[in-house]
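Chains as they are written, first to last, in the UniProt record's numbering: chain A, 1 to 352; chain B, 1 to 364.
Read the hints as simulated data drawn from the structure, not as lab findings. Keep in mind that a hint or two might mislead.
Unchecked claim - Residues from chain A shown here face chain B by an in silico Cβ test under 10 Å; the list is partial:
#1 Thr-96
#2 Leu-98
#3 Phe-102
#4 Lys-153
#5 Ser-181
#6 Pro-210
Small disclaimer: the values here were computed from a predicted structure and weren't measured. Glycine included, every Cβ here is placed at the ideal spot set by N, Cα and C.
Here are the chains, one letter per residue:
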Amino acid sequence: MVLLKMKFPFQKRVRLAQGLWLLSWVAMFSGAITFAMGVFLKTELHRRSEVMHSMDIHIVPNLLMAVGLASVGINICAGKVCQDSLDPSRFPRWKTFLPPFFCFSVFLTSLLLVAMILSFALQPSLEESLKIGLKNGISFYKDTDTPGRCFQKETIDRLQIEFQCCGNTNYRDWFEVQWISNRYLDFTSKEVKDRVRSNVDGRYLLDGVPFSCCNPASPRPCIQYSLRDNSVHYNYEYQTEELNLYSRGCRQALVSYYMGLMNTIGPCVLFDFLLQMAILVSLRYLQTAMEGVIGQENVEIETEGYILEKGVKETLLETKEKVKRLLQLAQVGDASSTTPGTQPEEEKPATA
Amino acid sequence: MAVLPIKFTKTKRDKLAQVLWVLNWISVVTGIILFSLGIFLKVEINKRQDLMAESQLQSVPNMLIAVGLIACVINFLGGKICYDCVDTNKFLRWKLVMLPYIICTFFFTLSVLVGALMCYSMHGQLEEALTLGLRDAMRYYKDTDTPGRCFLKRTVDQLQIQFQCCGNEGYRDWFQIQWVSNRYLDMSQREVVDRLRSNVEGKYLMDGVPFSCCNVNSPRPCIQYQITNNSAHFNYDFHTEELNLWMKGCRQALRDYYTNIMHSVGLTVLIIWLFELSVLTGVRYLQTSLENVLRQGDPECESDGWLLENSFVETARSNFNIIKHLGKFNQINISSNGDPNIDKPPTAHYGPDNVPPKPLPMAS
Numbered sequence: 001m002v003l004l005k006m007k008f009p010f011q012k013r014v015r016l017a018q019g020l021w022l023l024s025w026v027a028m029f030s031g032a033i034t035f036a037m038g039v040f041l042k043t044e045l046h047r048r049s050e051v052m053h054s055m056d057i058h059i060v061p062n063l064l065m066a067v068g069l070a071s072v073g074i075n076i077c078a079g080k081v082c083q084d085s086l087d088p089s090r091f092p093r094w095k096t097f098l099p100p101f102f103c104f105s106v107f108l109t110s111l112l113l114v115a116m117i118l119s120f121a122l123q124p125s126l127e128e129s130l131k132i133g134l135k136n137g138i139s140f141y142k143d144t145d146t147p148g149r150c151f152q153k154e155t156i157d158r159l160q161i162e163f164q165c166c167g168n169t170n171y172r173d174w175f176e177v178q179w180i181s182n183r184y185l186d187f188t189s190k191e192v193k194d195r196v197r198s199n200v201d202g203r204y205l206l207d208g209v210p211f212s213c214c215n216p217a218s219p220r221p222c223i224q225y226s227l228r229d230n231s232v233h234y235n236y237e238y239q240t241e242e243l244n245l246y247s248r249g250c251r252q253a254l255v256s257y258y259m260g261l262m263n264t265i266g267p268c269v270l271f272d273f274l275l276q277m278a279i280l281v282s283l284r285y286l287q288t289a290m291e292g293v294i295g296q297e298n299v300e301i302e303t304e305g306y307i308l309e310k311g312v313k314e315t316l317l318e319t320k321e322k323v324k325r326l327l328q329l330a331q332v333g334d335a336s337s338t339t340p341g342t343q344p345e346e347e348k349p350a351t352a
Numbered sequence: 001m002a003v004l005p006i007k008f009t010k011t012k013r014d015k016l017a018q019v020l021w022v023l024n025w026i027s028v029v030t031g032i033i034l035f036s037l038g039i040f041l042k043v044e045i046n047k048r049q050d051l052m053a054e055s056q057l058q059s060v061p062n063m064l065i066a067v068g069l070i071a072c073v074i075n076f077l078g079g080k081i082c083y084d085c086v087d088t089n090k091f092l093r094w095k096l097v098m099l100p101y102i103i104c105t106f107f108f109t110l111s112v113l114v115g116a117l118m119c120y121s122m123h124g125q126l127e128e129a130l131t132l133g134l135r136d137a138m139r140y141y142k143d144t145d146t147p148g149r150c151f152l153k154r155t156v157d158q159l160q161i162q163f164q165c166c167g168n169e170g171y172r173d174w175f176q177i178q179w180v181s182n183r184y185l186d187m188s189q190r191e192v193v194d195r196l197r198s199n200v201e202g203k204y205l206m207d208g209v210p211f212s213c214c215n216v217n218s219p220r221p222c223i224q225y226q227i228t229n230n231s232a233h234f235n236y237d238f239h240t241e242e243l244n245l246w247m248k249g250c251r252q253a254l255r256d257y258y259t260n261i262m263h264s265v266g267l268t269v270l271i272i273w274l275f276e277l278s279v280l281t282g283v284r285y286l287q288t289s290l291e292n293v294l295r296q297g298d299p300e301c302e303s304d305g306w307l308l309e310n311s312f313v314e315t316a317r318s319n320f321n322i323i324k325h326l327g328k329f330n331q332i333n334i335s336s337n338g339d340p341n342i343d344k345p346p347t348a349h350y351g352p353d354n355v356p357p358k359p360l361p362m363a364s
């Protein structure tokens with residue numbers, strides 16, 4: 001029972017081949033664009049790699065890059081097959097090449113779908129990775145003299161300015177961390193000594209934030225220190241003040257940025273996937289239609305094209321048998337190579 | 001004596017026409033490039049309009065936009081003409097148009113050159129506009145409640161953050177203006193009253209800068225206030241401290257930024273000008289060689305092409321005379337009372353030997 005049979009007169013075959021050839025060029029560009037988008041996403045993720053703890057999310061751009069490159073190759077092949085299919089003498093040389101080619105291409109194209117699904121599924125992982133990375137960045141903010149951590153201050157400052165955010169979840173994260181290095185604290189002053197003694201770990205904690213949290217849209221000059229003390233600043237109430245600092249947390253800002261990027265890339269990847277599948281299906285029809293023509297005298301006869309010669313289950317069983325046979329051959333080959341003496345002994349009784 | 005004559009065979013003429021057709025289409029593309037460069041420049045200047053005082057800066061992008069559009073039109077027409085020039089019959093259609101077209105293109109090419117030179121000469125205007133504009137912007141920094149100026153604080157802050165600069169020429173400019181609004185000053189406090197009284201105009205001046213002057217690369221948290229007071233901060237010496245605030249002035253930062261843009265744009269326009277000039281030269285040669293073909297009558301023969309028929313001096317003189325006589329058509333010669341026959345020498349014809357007869361003897 002043939003799967004999705006279609007009749008193909010000569011003209012239809014020719015038009016199919018020509019249309020497919022053009023479409024394969026379009027798909028080649030589409031594959032190149034997918035590759036470029038993968039590269040772009042990877043560079044964007046890499047730029048903020050200092051505030052990310054794990055690299056799990058990098059699988060999405062890696063998949064896009066690999067499939068983009070592969071689809072360029074697949075479409076070049078498809079174009080060549082289309083060109084040759086119009087000439088019945090040249091087409092037979094593709095006969096053994098095409099079935100594994102189809103399996104391979106379908107597998108690669110389905111990886112595009114996998115990439116899209118992963119981009120949504122890995123969002124919690126991204127968020128967790130950013131949470132840990134930002135926490136470390138904020139903790140090491142003051143360590144500008146420690147090698148390996150000296151860049152954290154600049155990274156966090158630039159991040160907060162560029163993404164208009166403050167702290168991990170919000171600006172209060174800065175109250176729990178000592179972000180002023182001991183080198184710049186006067187330990188003879190009473191205020192410093194009081195603060196250091198006020199907590200178990202002996203850290204200098206204050207209700208202040210770095211300057212990079214300041215919002216330029218605020219109508220008044222930025223209030224960074226004594227944020228919780230209304231009496232220190234004139235005409236200031238911290239419960240109702242919204243414009244003074246950035247109210248968004250950097251984790252949320254980064255997650256929405258990356259999700260926005262992936263949501264923009266998503267439709268393009270989906271389009272590439274659909275285009276590629278359409279090309280593979282049409283190529284399969286072309287191949288099966290052309291196989292009916294091979295060996296015939298009159299090349300202009302009508303032939304049938306199909307996706308699978310037998311039903312889905314039967315084809316799967318057949319493929320399993322083929323693969324088993326291949327493996328057995330390989331095993332027998334191994335067995336005969338390790339015991340070379342047995343074969344001539346077997347032949348002897350036959351000749352005798 | 002012609003200027004730079006070249007001999008053109010029929011095939012050479014045809015090839016020249018085809019090459020010029022392609023070049024004219026490329027010139028349409030360069031015209032579009034000119035147009036988009038003008039738009040880009042206009043957008044860049046408009047982005048920072050708040051920080052620049054009124055000036056003639058808009059003339060440069062406007063010129064580039066106009067020149068780009070004209071280039072597209074002229075080169076499109078040129079392409080059509082060159083396409084038709086391969087066939088001598090079709091050339092007759094364009095014969096009368098070609099010379100005016102070449103003159104127009106020559107003046108247009110001159111304006112492209114002027115546009116390129118304007119890009120390079122914008123320096124002085126730019127500097128002045130920036131100085132005045134930045135000074136005013138800083139003065140109105142605190143006026144976030146005044147309509148028309150309420151956005152200046154945000155503009156200046158974002159400028160200082162993006163261009164990594166502070167103040168007009170340096171951070172000390174902020175010490176000389178009041179950048180904290182009176183709404184946020186507690187007039188009952190002694191310190192505030194002292195500061196207000198310490199200067200003639202009653203301004204709240206202090207040795208502090210806005211947060212946007214803070215340098216991201218500094219190893220220590222930013223010191224914004226009491227910058228010149230070493231004792232207010234631990235382990236701080238403002239004479240040697242360089243990483244705390246941005247050291248560059250915003251006028252210099254903006255000037256460098258715009259100068260870079262202008263120089264790149266100017267260079268591109270110069271290259272486009274050279275290209276246009278070469279296309280114009282080709283078209284001139286094509287026109288003169290085709291006209292000589294028509295003069296000689298045989299479409300297959302070899303002809304000369306040149307830039308000018310006579311030398312520069314003679315051409316200039318003859319054109320000058322033409323322009324002079326153009327004016328004279330309308331004038332009447334009033335010195336001889338409008339009668340054209342007065343003061344003319346006698347031109348009577350006395351027979352084949354042209355000897356005037358002897359006067360007859362008089363009868364007594």
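Now the hints, each set against the structure:
Using the Cβ-Cβ criterion of 10 Å, the hint placing Thr-96/A at the interface with chain B is not satisfied: the shortest such distance is roughly 48 Å. Hint on Leu-98/A is violated. Least Cβ distance to chain B is approximately 43 Å, over the 10 Å limit. For Phe-102/A, the suggested interface contact is broken, since its CB lies about 43 Å from the closest CB of chain B, more than 10 Å. Because the beta carbon of Lys-153/A sits about 7 Å from the nearest beta carbon in chain B, less than 10 Å, this interface hint is met.
The beta carbon of Ser-181/A comes within 7 Å of a beta carbon in chain B, closer than 10 Å, and the hint placing it at the interface holds. With 10 Å as the threshold, the beta carbon of Pro-210/A comes within range of chain B, its nearest partner Cβ sitting at about 6 Å, so the hint holds.
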